[in-house]
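Participant: Sequence:
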Amino acid sequence: MPPTFLIKGSLIPPINASKELVKKYQDNLPIDIVKEWITERMPERGGKIAKSPSDRILIVRAKTGSGKSTAMPVELFKILKPTTMKTYSGPGILITQPRILTSQEIALELSQASWANLELNKTIGYSTGSGKETFEKGFNGILYATIGTLLQQLKQPDARYNIMKNHRIIILDEVHERSMEFDMTVMLMKKYIYDYYEDRMCPFLILTSATFDVEKYCKYLGISPKTNLFDVAGSVFPISDDYLEVSSDNITQSTLETVVKIHEEKVYPMKAGEHDIMIFCYGASQIKPVKEALLKYNVELIKEKKKCFLITVVEGVAVRMNTIERRLVYYDYDKLTVNDAGEYDFKGKHKAYRRIIIATNAAETGLTVATLGFCIDMGFKQVNEIYNPYDISGIIAKPVDQNNVKQRRGRVGRKFLGHFFAMYTEETYNMLTPIQLPSIVLEDISSTIINILIQQNNCFDLDKIDMLDTPTIDSLKVAIEKNIVLGYIKSDYGKCFVMSELGEIYRNIRYSTIEEFRCFISAYVYDVCISDIITMFSMNEVRMRKVKVNDILKESLPAFFFKDTNYMDFYTAITMDDFITKLFVFDAFMKITKKGITVTENWCEKNGININEMIFVIQRRLNLMNDLIDIKYDPFYKKDESITLAGKNNYFSRLCGIKKCLYDGYLLNILRNDREARGYISRFGLKVRVNLPNREIGFPKYVITNKIKIAGQMGETFNYKLEAGNICVLDGYVSFDSQFLTSIQDLDYKSKIGDLSTLLTGNDSTNKIENYNAILKTNDDLVVLASKKEKYADIIVS
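The sequence shown begins at 1 in full-length UniProt numbering and counts up one residue at a time.
In case anyone wonders, no lab produced these hints; they're calculated from the structure. Just to be clear, a hint being listed does not mean it is correct.
[To be verified] If you anchor each label on the Cβ, the simulated ranges turn out as follows:
1. N250 - F699: 40 to 50 angstroms
2. K78 - E605: 46 to 56 angstroms
3. Y194 - V267: 32 to 42 angstroms
4. N16 - I615: 26 to 36 angstroms
[To be verified] In silico lysine to any residue, SDA-like type, Cα no more than 25 angstroms apart, as pairs:
5. K546 - N508
6. K347 - T368
7. K347 - W603
8. K660 - E541
9. K216 - K490
Glycine included, C-beta positions come from ideal geometry on N, C-alpha and C.
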């Protein structure tokens, strides 16, 4: 069945529509009416010049099976390049996706579809910012990209010219996915259109999804649903819904039992090619037991010479690994083989009868898996949250909302009958919240303040924040404080906040947080090896609990450490730093990779390292380097002075340099050893658990961490406590004003910097800001010093 965009009568008339309009909708293809709306406003096609921003903005609510992500952009491209035109050299179509996975897979799917008549790299491609891009220089076609790609373009000073040069139509797909990047993109895209709608080549903006608050978007964008909204019906095959009769006390076991029923065809038998299963989990901690249970069952099937299956995991790391067992759109069961352990093995002797895809929300929207007949929802998701005004973060497993369930359920029933199994009761489903709060409310917004300043033409006014949802006042307080301390914004004599010189540079940065970028700038000033800092931040999220650190350090520590028989105690006593330990782990990993993939895999397994995590690290390291290259800063500055190459005479000086950089970036995350509290406390007076590298040498007075997070504590009851991330000990390495770091309960906070809620309004803030900055380093001087050390990276030798 073709997508409903290509079926007459699939366009739903608005309420109280005239008879003529109803007939028009019934007699025409939805895509032809959308194309007509655009061409009527396209001067180069004989259309009128825009009279208002509403002539450039369109909302399309299109249900599952409509082809909004595939057929719509392909057909709209025919406006720009009719089938009779051999070549096209004008601006193309950009379609943003919330996830890397969908950006890649949809583009690849369309490049193979004969009806689309598109050629990969020539007329269709993707750009994800993850090192995987499939288009050539001068590309003029349909480009699928992550939302961050468009956001970065909008942040540039030359955005007006470049966006018009490259994009004639911009489609924001899956707009119900309210990530931080998405909200920033919509904010800047609205500003862009309102500023330049009169320009003949101002691009058209189309916002589309199956489930979203249309009225809210229309009001925000200043358009009318009567003239700027199209409703397209969906086309799905019937989907059966199976809920548990009673709540499960072992969700993994319930999931396994459901898989067994499906695989042994005790329920809903499906033919080959329509029988794959997708299981939605919330993350690695849930994926692991599910996969282990499935592997055990798979081994039993293999031993009994019954039909086995292939397990593939689709989550953040797996998306970046272009392996055949992960491929979703294309499949060849003859090449999907498993070994005796039930795992994928291209040399395996057992052919997989079906695939069981274990997925996180990376596969929740936008993607059609042509062979998917069954969906099992375990009912949880991971949510990244920030708890302000204390600047505490946490990745929490929470129940899904009803919109998540609808999206997951929508993975089946696209090509044939589908079956949805919920690992919870129907009563539980009815009690779920309808939609999730947007990320702008849930997450840290510190790195978005610069975007807000761009939207406000570099003069921050709380009353003029123009977003779909305004951040909370506590989030704004923390974000503005952090940006002032780190030197990205300054006060214009009480009138408003403006970008500093450092802020102007940061607007060109895509991947680095404001803390990380401040550390990079400091590295140039303190003559520190910049690639060491980059590597440490790339390793931040690597889990070290099972890593055999002592064994790895034997391979990577400088030689002088081994003159002491207790070299590990010697190392930790001198270094006292998780960041640097992870740097040495990465150094050992990179040395072993030169011996080939097999040796590397065996080394990782022996030392408790997840090789997929290390692939993530390499990619993030490359992204951070590209941030610096894009602003013409040398990511290999002082490369020959890496701490990994240090000797006895210069190790300590290099160590102190790195700690100075960490202090400059994370000085608001300093923890103080408090005897009365019997532990470490944050500047807000909250007790934080600190895992010191070596407790035998005592408890340092001050340590710094990249983040304070909530961590689960198992016991008779499940609860959360505060825990520091990576630790860097400051005592004896870095000099600083300890009074500035005292918790605000013990410090006359307002006399130092004033009430930030007052600062937000700009009232009587001049003296308070000056006092505040007096405590800090002179940020502008730091930028000047860094720029003097700038080295242009036109030629980079890795």
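Participant: For each hint, tell me whether it holds in the structure or not.
Facilitator: Results for each hint:
| no. | hint | verdict |
| --- | --- | --- |
| 1 | N250 - F699: 40 to 50 angstroms | 42 angstroms, holds |
| 2 | K78 - E605: 46 to 56 angstroms | 52 angstroms, holds |
| 3 | Y194 - V267: 32 to 42 angstroms | 54 angstroms, violated |
| 4 | N16 - I615: 26 to 36 angstroms | 56 angstroms, violated |
| 5 | K546 - N508 | 38 angstroms, violated |
| 6 | K347 - T368 | 28 angstroms, violated |
| 7 | K347 - W603 | 22 angstroms, holds |
| 8 | K660 - E541 | 21 angstroms, holds |
| 9 | K216 - K490 | 34 angstroms, violated |
Violated hints, in rising order: 3, 4, 5, 6 and 9; the structure is consistent with all others.
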